[in-house]
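Fit chains S, H, X, D, G, F and L with the ligands to the supplied structure of chain Z, relying on the hints for placement.
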Amino acid sequence: MAIEGVKAKEQGKVYVGNLDETAKRAKQLLIGRLKLGKAVDWATSFSLWPVHLTTSCCGCEFAAAWSPRFDGEQFGALPWVGPRQTNLIIIEGTVTRKMACAVKVTWDQMPAPKFAIAMGACALDGGIFYNSYNIVRPWEIIPIDVYIPGCPPRPESVARAIVDLQRSIRSKGIASKWVEEGVRPDKPLVAPKQDVCSWWRG
Amino acid sequence: MSLVEVLASIVFYPPIYQLVIVGLIVTLGVVIIILWFERKATARVQRRLGPYHVAPKLAGMPQLLADLLRYAFQEIIIPRTVDRGVFITAPIIATVLSILPIAVVPFTSIPDYWPIPMDYSVLVALAISTVSPIFLVLAGWASNNKFSIIGGVREAFIITAYELIAILSILSVSAATLSFNFIDIVNAQMNTAWFIILNPIAFMAAFLAVLMSTSGFPFEIPESENEVVAGPFTEYSGILYGLNMGAAYMKRFAFSIILAVAFLGGWSPLTPGEGILYGYLLPSIVVIIKAFILMMVFSFLRSVYGRYRLDQALQGAWRLVFPMALIGFGIGIIEAYLGLT
Amino acid sequence: MPEQQLMLLASSLLVASMIVASYYVIKAKDLVYASGALAILGSLNAAFIALLGYGLIAAFLVIVYVGAAVMFIIVSVSMLGGAPIETWEPERGIISAAAVAGALGIIVVSSGIYAAYTSPTSPVDLGRIASLIVDRYLVVISVIFVALAATLIEAIAIARRRV
Amino acid sequence: MPLDWSDPFVRSTLSLVIIPLLLVLMLLMAIMFLRIVTATSRDVASLEKYKELRYEAGNPMKGEAKSKVSMQYFGFLVIFLAVEPAIILLAIALTVPQALTGKLLYLYGVFIAVYTPLLLYAVKEARRIEAWMID
Amino acid sequence: MSVSVIGGPKRESDLKIPGTEVRKIEKDLYEVFIGPQHPGSGHMRIIIRVDGDVIVEADPDMGYVHRTMEKLGEIRQYIKNIPLFERMAIQDACNVTVPYVLALEKILDIEPPQRAKYLRSLLCEINRIAAHLYGFGIFGVFIGHSTMYMWAFADREVMVELAEKLTGARLTHSYPIPGGARRDMPQDFPQAARKAARYMRRRLEEYRKIFLDNPVMKARMEGVGYIPKKLAAELGVVGPVARASGIKYDARYNDPYDAYDEVDFEIPVFEEGDALARAWVKVEEIKQSLRIIEQAVDWLESHTSEAPIHDKFWAKSPPLWKKVFEKEGRVKLLPMMATMKIPPGKAFARGETARGEIVYYVESTGDSIPYRVRIVSPSARNAIVFKYVVPGHRVMDLPTIYGSIDYFPPEADR
Amino acid sequence: MPARPVAKALPKRRGLFEGFKGNIAAISLGVKYLIDPKRFTLIYPNEYIKLDPGYRGFIVLEKKKCINCSSCARICPAAAMKMIKLPEPDPRHPGKTKIKLWPVINYQRCIFCGYCVDVCPTEALYHVPYHDIVYENLAEMDWDLETFTKPPDYPTASEGMPVKYIVDEERGLVKVKAQEGEQ
Amino acid sequence: MVMAMEDVILGQLGFIAAIAMAVIGVYGFASSRSLVRQLLSIEVLFNAVLIMVVILMSFSPLNATLLAIALISIVSGEVIVVVAVIAAVYRFSRTFESSIMEEEGV
Amino acid sequence: MVEGLRFMKLSEEMVRVVIEKVKKELGDLVKSVEEGKGYISIKVPLNRLREAAVKLKNMGFDHVKSLTVTDYKKKGVFEVMYMASSYLDEELSRIIVSLTVEIDRNNPRMPSLSDIWTSVEFQEREVYEFFGIHFEGHPDLRPLLLVPDIADLKPLTKDFIVKEEPIFKS
Ligand code: SF4
Ligand code: SF4
Ligand code: SF4
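Residue numbers (numbering that gives the first Met the number 0), protein chains in the order written: chain Z, 0 to 201; chain S, 0 to 340; chain H, 0 to 162; chain X, 0 to 134; chain D, 0 to 413; chain G, 0 to 182; chain F, 0 to 105; chain L, 0 to 169.
Excised from the complex, chain Z in its bound form (with noise of 0.2 Å):
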């Protein structure tokens, strides 16, 4: 009887207090049963609003990008002014050793299905930089999905990474099963070597 009461508590417990099975129900109704993973998909993916994080002077080409030359809101992408309400990251050139911190706490604070494009040679190789004290390769910060040669990349750059980012977040669903499993499936994580924001002092 005892053991039955435990039991039923417990299970009372499962009911009630764990968010994780509840979650999981609730994503398996909605991507699974009622096949939202399809809008999903196709919602994120025209609608990659990148944050305004300007790490370096590819900002320039990055402006351009906007510009009505290049128009990247024709892709639906909106550069936005806070990282709560973005989920694309486009690292613009160079990262310093100061810059590095504010890449993580932006990356990190944008909701989660979320993109990162690394842009110019800066943000690959450190570009002209390659051997400079104080620059920090982006992809050791966070996960970068496309990468962009050139120094400054043209625009048409950008415009074909964000397009390569939707061909791929749609015929990969990324979103989708990023939502149902509740992290990035096609892609490890990236924990940084090391705090990046260690100078910072308050």
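Simulated from the structure, these hints should not be mistaken for lab results. Note that this is a predicted model, so its numbers are computed, not measured. It cannot be assumed that every hint is accurate.
Stated by the list, open to error - Derived lysine-lysine pairs resembling DSBU-like cross-links, with alpha carbons at most 35 Å apart:
| id | chain 1 | residue 1 | chain 2 | residue 2 |
| --- | --- | --- | --- | --- |
| 1 | L | LYS162 | D | LYS311 |
| 2 | L | LYS162 | Z | LYS192 |
| 3 | L | LYS56 | G | LYS7 |
| 4 | G | LYS84 | L | LYS157 |
Structure of chains S, H, X, D, G, F and L with the ligands alone, referenced to chain Z:
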């Protein structure tokens, strides 16, 4: 009764129709279309394309749908630093309150289809509209974020600037008709002329007040991104932010409906007739179209103007627009005195 | 009639939530939320008054009191920095509260005014009120104008720093 | 006895209280549901340690946010609050019969006469922001 | 905020009763970080302390884009430094590299041929317009006028297109090299340049209507960020900021280089010293730059095409190179350029970029790499404005000032 | 003629009416562009810019022209161009191999400065006129000799049609169709 | 006129609310020493008074309306002055403590 | 046009006049005055630096264009040059004078000139972090560009070595 009739009687039951059908569904549609229009029009003035690839044949119309869906399926981060309860509920209440004024605006002159038969519907509409900003301020405070709090306080200051102007200028219509009843107001307009012609100064003031109240350019100060990021909504993510973003537009829609009824003659070219279709649906569509045109004008201004500074907006409101509203009010009384309406 | 019962149900709910809101006003740690609760209290109060049949007062209350005065309090409080640590002296409070409760209770019960309420037979006539204001109480209203103007000057004089 | 759905009281309660309340509840539930649906797994949360901290323009959190934001436009607030009741009082008098509009005009005149010089003064005072610093 | 007790012996006794502590709110200033992830700042952080809406203290925290150019310049060959220094301000690439090349030429004691000078000046002016438009765009978006941003960037594309025609790259031209320039002007260039100039002049009129004379924008700019002449000289601000404050200084005028002593143009100087004046300086400068472009194009068209590089690097070139030049207008580089040794010496050179004067100090010890390169870029010198001009303004003025001084962090941080 | 400083003054306009006029001017300009936007937006994947032949795009090695002189690697400012040592049959001593140096490029670093192309004594390197290629992983960008000797895939060309921009007096830039076969 | 039962209950509910709020308001006013909290308590008290006024004056709806309107106007006037005083006190003493006023003899 | 002179658009005459003037004004303060390429170099002893700066400022050299420090590791000194010029005086604005001092490399301390030339304030901070030179009397001597742990390495001194990659790929 057939099923259609039952359904119609439920759907067209005034509170449900005005709040759920017009208030929520139409507003959502209008917001989506107006946001699309805003982006497209701004893009046009700015010599670019605007949303396009999401549906090239529809000129990118579903863009906002995509944004909405994306927001819906984005993680809702509730930071550890915020005050959870208020953080979540305040924007919801603000959103619902911001469309609530629609509930007291009649869309037709037939009493059966008034949601609330009331002698002082103008006053009540104004009263309801004054409450919702409070929750925005609270949301900003609950966010526990420097930018949010500054944004919230700015919001509060902007309220002080526009609220009186809105009240005065919209009531100038009441002054001219000596009634707080929207029906009387619309009837008066149908008898003489629209109040936008009879009292353009009041309309201008009301227009500016609405612009301020919904932080449209050039008064987009509480959310002025260059200092306070997203104002009171800085910490909101996912659908909560989508709600917040929609709330300003919903409020603008509610106000536009009030303006359309008060100044643009309501259902004016149409005389509501018998039956739900002629008595309720068509007049309401006329009103909504008028409100929509107003909203398009509001949206267009975004591409021409930047934003004022907070103190300039306050000063401008008190030194230029408030006297304007007062004069408009005076004109209203004088019109009543002369018996023009 | 069901409408009446509905009304009673609504009003008892309103009363309950009013009491909760007013308790929250006193007890909330954060003064901004306390003021927010005051706004809610004001709105509920307006709703109750509207239930009593005085819609005009309700609208007036919401516009002037909730929309302006409480807004003003909220802004001032948040500008003054939210919640500084307060000192509470519950003894003082309990004593006075008990006294007030006793006194009010005795007055209300003994004088029988608890049964004084009669719902207005017809909605308040706006035209009558307006006529009263502009006809009979013209001077009074003018005086109120002047009084409000005086508070404005007073407030400016007090709140402003002498520079 | 069934409810009379066309009763003004029922209608106003429905449209001003119950439906809005239901809307609020619905939205709240929808949001809670979506929050549960879109929650990320724990391993991500452990890696992204800044996620749940306050947004501070790309910096780690610092200082207290709920602090004094004493804007110097307090004066405008004061004006607003002092003028608002007067305006509404004036507005309430609007529903006079047409015969009395002369008196209404007179009241309006009184209002203008009382408040114009005052407002001029008050706005002038409110613009001197250095006088309105809380400290 | 701190917890403390208001002084006085009477209160001391109160302290013993629990629950009577008083939290004293000191005149604590609200510390707000503007940046680095903030739409009101680019790649920098400005720590402002506000009292309500008034900024009491502003502390520019630069270095978010510090890419150690001076150090890298010390370990790389002279010619490799040109692309390196160019990355300071890529939308103004030619202007920031020309003074470096000038310094090298001073040490080498050579002078580029006239054609190279004109070509460089031509590209410099195209860059200047592009950079001014960039600044305009950023300024516009900073005070909330997104149309200004879009228009400026749309018209900037015209200039970029010209530069691309001339050099083969959109922004990072790496155009000047010691002793000359890397490419000659293509055939269809003059016509396009003249068209662009006429187009630009008309557009400036429209800018005036929608931005500079727009009452809303004017209200935001007028009297904001006022820098009197004395203060401007004291702070050593440069470029449009200085010229808007009435300082008659322009490196093109005070120390002419390249073709600037042969073309006819004006240095607009305003006295007002506020954000509006700074915007107007840019407009006037764009007009003058258009004049220079037209003159340079005329000159280049009327003179025969020859390799725009000093004979030292061209005289002994193989025939293939001449063929390449004739066919594509491309100047081949000598392989020895890579490891070119430069005689010992120190040189100091200045040039006027769009944002102001840039100075280079190059010290050579006769090696193939410089011993020391010191760069002081205009934005680095203008950064001091944040500290001395911003306090006392309202929070909403900060972006106005930031935008109007056209601060570009990668340039400032080097 | 040398430059000269000229003192200018802001156009001074004051008053309510001027403000009104300014507003009207701004709004009417906005309406003008709303009606005729004069836009020249590139609708990207459907159209792509055909760059001038002189454009400094991706770099390709013509192996047979290369004389293995290492000049390109020496001048490369980003150390993107490196020489690799590859054994190769020695033509003079059959049966033996000799080590030859070949340039390879690393697009993780290349800044497209074109120095290598300009310095190559035999024009063994040339630019292809396209630039908009992106990669999904880093390793793909470090090219080996074989990849370096042929032009990179250009997916855009198969998706859209080429356009060209020409400078125009009225509209700034005008988008025109690039002729097929036109270089 | 016969009083409907519902009316009486409504009135009693109003009284209950009013008394409860008055008690709470007085409690808050007396027990807190923070000026702001005292202001809020007074506002609660005011809400109680308003309900009472409306109920008590209900035999004459016009008068009730007029009185309530006047009351609300005056209270919002009062709020400015009180907040102004709080700001002044705060500026003077850097606290919201009411005892500071007693000490300084304000 | 004489080669090599074109860059100083002003005549040699003018430079000479300025040199004379500087010599006269500064008198015995200067160690030497020379004409360099693009600037006039004035060497002063460290202990008279402030005096010389004040005199230069009074002459009309109202701002500093560049604070250049060079690390001569072999000599064991830092050479600190204040490249000053003028805005308000048009003649002087064509000329750049460099006020040069040498300080000990192992004990880098010198008086700050930021109260004389405000424009040098940020550059002194920069030099402080890159070279570790301590400016006495500077109002706000903090690192400007670098994060603290890198600033400790004093990256612009010749002790801090950055390597280029070889041109061969292994
Ligand atoms: S890749 Fe080039 S343009 Fe981009 S940040 Fe690096 S240096 Fe600047
Ligand atoms: S283009 Fe420049 S960076 Fe790229 S490989 Fe050639 S020399 Fe190196
Ligand atoms: S410079 Fe030209 S020839 Fe020499 S190795 Fe490089 S590609 Fe070959």
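Hint-by-hint comparison with the structure:
1. The hinted pair formed by LYS162(L) and LYS311(D) meets the criterion: a straight-line CA distance of about 31 Å does not exceed 35 Å.
2. At roughly 23 Å between alpha-carbon atoms, LYS162(L) and LYS192(Z) fall within 35 Å of each other, so this suggested pair holds.
3. A distance of roughly 29 Å separates the Cα atoms of LYS56(L) and LYS7(G); the hinted pair therefore holds under the 35 Å criterion.
4. At most 35 Å may separate the alpha-carbon atoms for a hinted pair to count; LYS84(G) and LYS157(L) meet this at roughly 34 Å.
In terms of the numbered hints stated before, the structure departs from none.
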